[in-house]
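Protein chains in written order, with the numbering used here: chain A, 1 to 232; chain B, 233 to 557.
One should not assume that every hint holds.
To be verified - Across the chosen pairs, the derived CB separations fall in these ranges:
#, chain 1, residue 1, chain 2, residue 2, range
1, A, K203, B, E454, 43 to 51 Å
2, B, A497, A, S125, 55 to 63 Å
3, A, S69, B, S270, 40 to 48 Å
4, B, A245, A, G143, 32 to 40 Å
5, A, G138, B, S270, 18 to 26 Å
6, A, Q70, B, E454, 25 to 33 Å
7, A, D128, B, S530, 53 to 61 Å
Rather than coming from a laboratory, the hints here were simulated on the basis of the structure. For glycine and all other residues, C-beta sits at the position ideal for the given N, C-alpha and C.
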Amino acid sequence: MASIVLENVTKQFSSGYKALADVSVEFASGSMTFLTGHSGAGKSTFLRLLIGADEPTRGRVLVGGVNISQLSAKRMPWYRRNVGVVFQDHHLLADRSVFENVALPLRIGHFPAKEIAPRVRGALSAVDLLDKEKLLPGFLSTGEQQRVGIARAVVNRPKILLADEPTGNLDPDLSQTIMDLFSQFREIGTTVIIATHDIELVKNMGQPTLKLVAGCLEDPVAAQTKVTEFNL
Amino acid sequence: MSSKKPDSLDPWAKPSGGLINWLKDHGRTFNDTTLYVSQRLASSLFVWFLVGIALALPGILWLAQVNLHAVGEGWQGRAGLTVYFEAGVNPSNIEAVLKDLETMPLVDKTALTTSDQALQDFVAQTSDSLELRNILASLDENPLPASIQITSREGADFIELESLQRQLRAKSQINDVVIEKTWLERLRDITSLLNRLGWILGLLFGLGAIFVTSASVRLAIESRLEELLVLALVGATKGQMRRPFIYFGACYGVGGGVMAVMFLALILNAIEGPLQALLGSYQVPLVVQGFNGQFLLSMLGIGIFLGVIGAWVAVRQRLHSAQFL
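Extracted from the complex, chain A is given alone in its bound form:
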């Protein structure tokens, strides 16, 4: 599995806005961490750096010991195939069925054909959408679309699972189900990082939490200790 290390990471945009400032933190393999903070605190930028969608202005992002901002364009896809991402705005393909949306990472990753259907149905079952596999995303509610996005993120059993407000459109019961699903992934060694505003949910889960305030960790030393030691 994959540990994640951020070393003195700063991300400053060309406009001069500093989204992250000198952030250092370490996530052990198989840890589950909540990332909280107000809008604009730097949560999304934090996740984008981990996906390889952005590069830090300073510092290093090491995943599995590899500095991912220095990964070549050819190697980046191989890295991303190990990262499941849940987006706040779903990013589903409108002209593909629920089944095909969830199957996308498997097809891109060249999974054997006979493995695709069982895996997709397993993921859809976990988010309680098995009966809607043939529908187009447009026929689903926002919460259901969110769950399709979650199923797609976990279907290939990634080494790292990143989620940006994954329960933002879900009711409390379903939110808990999704969190339990993420916990199951943590138990099999997936490193899970969840950005959320839902403080109640965070408390219920009893997992370590990092709070970002204006691009900085609120209590870097305490956060570091919590994230790395809690999960060992």
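Add chain B to chain A, keeping to what the hints say.
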């Protein structure tokens, strides 16, 4: 505490199974492209139409050039001069001229048409005209002159033929000497012009086809940016992202090639009648050369090539400029 050492030697190395996966990707892309194009047939038809025109114009020039060249080759066997004697020429004069011609290095062969043979030929050619038959019947004597068709040796130029023409005109009882080479030379000039024009137009319209395909593929990319973003996030390689659009380009090219062939068939059908009449007046049968299986395959091949080039240019530019992809 977790370690800062790599979890393995290279946890993000390229997975195995290259060729088989690559072929599977192509199969999937082919199916997706077929579905995508069939769902947008109207806009695809428009692109095919434009690419078809861009291919058909140089295509028709090429066909014209090939056929004029073939006609020229056909005429070359009869190139040279025709000597027309005065009416009632003394046969010994004709014999003398023939003997003279045999000794000339410029002359390859000669063929005599007596005035009687000329009349027979004329009657045969005008047998369906009652008026002409009546006129001929009313004449006291054969008005058609004897003539000698001279075939010049291969490579004889126009100046040499003109010199021979002057020489023969000076002989007695020769009414006129006509050089057939002038038609041939004009034809060759036209063929050469068409050839050059074909290349220039081919180049310009080829570029046009590339731009049309490129613009269409660019539109397809814009409409599928969201999909590209998702593909990038789930680990699609640049090749996997590019491939559907390259297939679009190839599809536009194939469609354009088919359209071009259809346009050419229609054009050839439309001009067949007048062309047959024109060639018939020179006793040259209408046999369209070049419009064969090889030509059709070439049109498709050129279409695919231009389509792929256009798509590749568009995809390379757009993916390069798109952030995160």
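Right, here's what the structure says about each hint:
A/K203 and B/E454 have their C-beta atoms about 45 Å apart, which keeps the hinted 43 to 51 Å range intact. A beta carbon spacing of about 57 Å between B/A497 and A/S125 agrees with the range 55 to 63 Å that was offered as a hint. Range check, A/S69 to B/S270: about 42 Å between beta-carbon atoms, so the 40 to 48 Å window is met. With their beta carbons about 38 Å apart, B/A245 and A/G143 fall inside the hinted range of 32 to 40 Å.
Checking the proposed 18 to 26 Å range against A/G138 and B/S270 shows it holds: the Cβ atoms sit about 21 Å from each other. Look at A/Q70 against B/E454: about 31 Å separates their beta carbons, and that is inside 25 to 33 Å. Checked against the hint of 53 to 61 Å, the pair A/D128 and B/S530 passes, with Cβ atoms roughly 58 Å apart.
Figure legend: structure checked against the earlier numbered hints; every hint is met.
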